[in-house]
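Engineer: Residue numbers (this note's numbering), protein chains in the order written: chain H, 1 to 444; chain V, 1 to 444.
Among the hints, erroneous ones may be present.
Listed below are the simulated DSS-like cross-link pairs for lysine-lysine, each with C-alpha atoms no more than 30 Å apart in a straight line [what the hints assert, rightly or not]:
(1) H:Lys295 with V:Lys387
(2) V:Lys438 with V:Lys295
(3) V:Lys438 with V:Lys387
(4) V:Lys438 with V:Lys402
(5) V:Lys295 with V:Lys402
(6) V:Lys295 with H:Lys387
If you're looking for bench data, these hints aren't it; they were derived computationally from the structure.
Number of protein chains: 2
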Amino acid sequence: MKAAVLAIGTELTRGELVNGNATWLSDRLTALGFEVIEHAVVPDDSERVRGTLARFGREVKLVVCTGGLGPTSDDLTAQAVADLAGVPLVRDEHTLARIRERFRRVVGTAVGTGQGAKPRAVPRAMPLNNEKQADLPQGARALDNDEGTAPGFVLQIGGARAYFFPGVPREMQHLFTRYLVPEMTPEVQRTSHQIHIRTFGLRESEVAERLADIDVGGALQRPGVTIGYRAAMPEIEVKVLVRAVDEATAQRLAEQTAAQVRERLGTYAYGGPAYGRGDSFPAFVGRQLREYGLKLAVAESCTGGLLGKLLTDQAGSSAYFLLDVVSYANQAKRNVLGVDAALIERHGAVSLEVASAMAEGVLAKVSADLAVAITGVAGPDGGTDDKPVGTVCFALARRGGKTFAERRQLLGDRERVRLLSAYAALSLIAQAVGSFTKPAGVLP
Amino acid sequence: MKAAVLAIGTELTRGELVNGNATWLSDRLTALGFEVIEHAVVPDDSERVRGTLARFGREVKLVVCTGGLGPTSDDLTAQAVADLAGVPLVRDEHTLARIRERFRRVVGTAVGTGQGAKPRAVPRAMPLNNEKQADLPQGARALDNDEGTAPGFVLQIGGARAYFFPGVPREMQHLFTRYLVPEMTPEVQRTSHQIHIRTFGLRESEVAERLADIDVGGALQRPGVTIGYRAAMPEIEVKVLVRAVDEATAQRLAEQTAAQVRERLGTYAYGGPAYGRGDSFPAFVGRQLREYGLKLAVAESCTGGLLGKLLTDQAGSSAYFLLDVVSYANQAKRNVLGVDAALIERHGAVSLEVASAMAEGVLAKVSADLAVAITGVAGPDGGTDDKPVGTVCFALARRGGKTFAERRQLLGDRERVRLLSAYAALSLIAQAVGSFTKPAGVLP
């Protein structure tokens, strides 16, 4: 069943705002079983709104439209829809009463700043402008919006049922969940299933090469199976989508294919079916540390705190993350991590020796089980013939164990070298965790 | 002159990826003088690609298309364009040679393992898949891509000149800047001028309130002047756009209006005309530290390295950034920063007292002029009645000066609390820098 998404707003076509609504809607519509065949974004321009809606009315069964329902002069969605349908705008008294009531009830922007500040309740009067929001195309059904003043509405346009929602994400999501989901779910027959597999460490073309025999035209390819790729630097997501006669068949086929994909990708695929689709590599590594009951310390230089940031993006990271020393200057390496000045003098700050001393130094500071260190040349300046930009040394120290160090040459600009460095360190942590014994009673 | 933007990719219509490219392109096209009348997003579906391109060829003078130029089977843009134009795909030998050369030149993830290992240059063999990227519609002009393997190309579709770029933002932006900007600038008659002013520390509605008398309908508003807002969490960008009879007039009027805007925003506007538009607040603060010849040390807790990451995103930050201790665990605060265990016991880790001790502790480790510390409850767990989620304490220590500390209640989820905390700390640094004396001979 085909669907299309339309966003209305000159702020979007002028590039002042990212169209996150279309992404959110597409994700939910796809999950409901719709095939989204287009997003369109048009300015606050009645003719283009009408033209696009008329076109979608010929092409799809469901249109979801966001924006242009506000109180100001450039909000023209209701009028454009009425013009397209050849009907007048009619004031909806129920909706008007709701808007009035909302202005009475609602508390203004509550602000707390400074020591001991409390939120303040600020009552608001309804500006006349807002009355306009109760004017809907004749024949439309109003959708009560508990999150804002603009009501949504729904009506038939050509062969499509068209839902109109405000552009404010919270309000749009509220109306989508409250009205569209229960109303449209019975209309869709789900016949597809999708599985996401995340990988790190290969390029997109290398991933594709490993999957060539199960991808389009490959020897193992099954009818109805599509393999897709999404590069989310530096991770790559492989998507196995199956369309079949019914959902159960699609799911079975998707799981078989996903197992083959995982086999081809070996250790480059991480997570596995037990992990959530949203799990990033840092989240995966954090989860591993937690499952093994291990504590980590970090010493960074060129990455400047990025590795710590990625690890602590995860809620609950205090269970495994103890300390990160970003020893950017050599005096910081000496004074905080106890790296010998002579070692830096002899081998340079970017060396296996200094990386090892950093990892061992930070491990000595706290009761961590393992420590990782990064020191490198992120660029754009600071490269030499021996150690060009992108040269990064890593070390992994284990309590009571031998320290491992390696040097890599990473490619790209400063941002990319830093990101790849942090991910390479995460990789070292993941490998090290695998060498510990998993405590009993922990689920896989 | 009208333009349209088309993005191709099922990952977009399935809601797996936000279409940030359309926003970036629209912003730049608007600045060049184009009126962007539509964004469309379609799946990897040749028929829809062809239909949309044909429609745009009737409606606009410029089409910018992103995506579908990769090496995998779902990348079908070149074939769809060739089919629409009724021409075959032709292998472009120059482009093929460039792709091959890129694979030769580029050193793979070279791995040295163990102590004393040397980096190995690992030439990568070009996977056969990548050859496909050199196949372009007959009559198309190839655009050399220095940032990746996929070339762009350009050809006429109906009444429109159509540029095709890879979907990877870095590559797309590179080709846009290198080819489209110089080629299309002479085609557009510029009669507009836009100035961007960045602010931090106010909410969008507070910024709008301060600018009410220069905004639409305000007492100081001039004809042809539009004030726009773009929230780039946690910064807000104010855009002054002027359309006039010619560019010089537009520029003069824009500069007058921008001066008024800066006056209304006071210290909330940062940077000023001397700074690049792209200067983020962290870049601005870093530049200030450098201009004043000051060195900084940082102690973080709930932000986990984010502040260090933001400061070292800037190339050359080693001139002012010495050390960041991310003391996530209390033992790290004690062992590395010398925070008294009794102080933590008495006041809690999130307190003005501990923040002050962290700032003073990290200042003592290196020869920095000032140090900032952050400790707070980022959530979602860990809040108490006294210190709910979003409670964050900051301290700023100066060598030989008094330490300043403050507590703030920040609103939002974990990610937002962390980001606002890092920015609040940057704000403290910026204020502190202003109290030093600027060395002679430094440009404003």
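Engineer: Indicate, hint by hint, whether the structure satisfies it.
Structural biologist: These are the hints, each one checked on the structure:
| no. | hint | result |
| --- | --- | --- |
| 1 | H:Lys295 with V:Lys387 | holds (26 Å) |
| 2 | V:Lys438 with V:Lys295 | holds (14 Å) |
| 3 | V:Lys438 with V:Lys387 | violated (39 Å) |
| 4 | V:Lys438 with V:Lys402 | holds (20 Å) |
| 5 | V:Lys295 with V:Lys402 | holds (17 Å) |
| 6 | V:Lys295 with H:Lys387 | holds (26 Å) |
Going through the hint list in order, the structure does not satisfy hint 3, though it satisfies all others.
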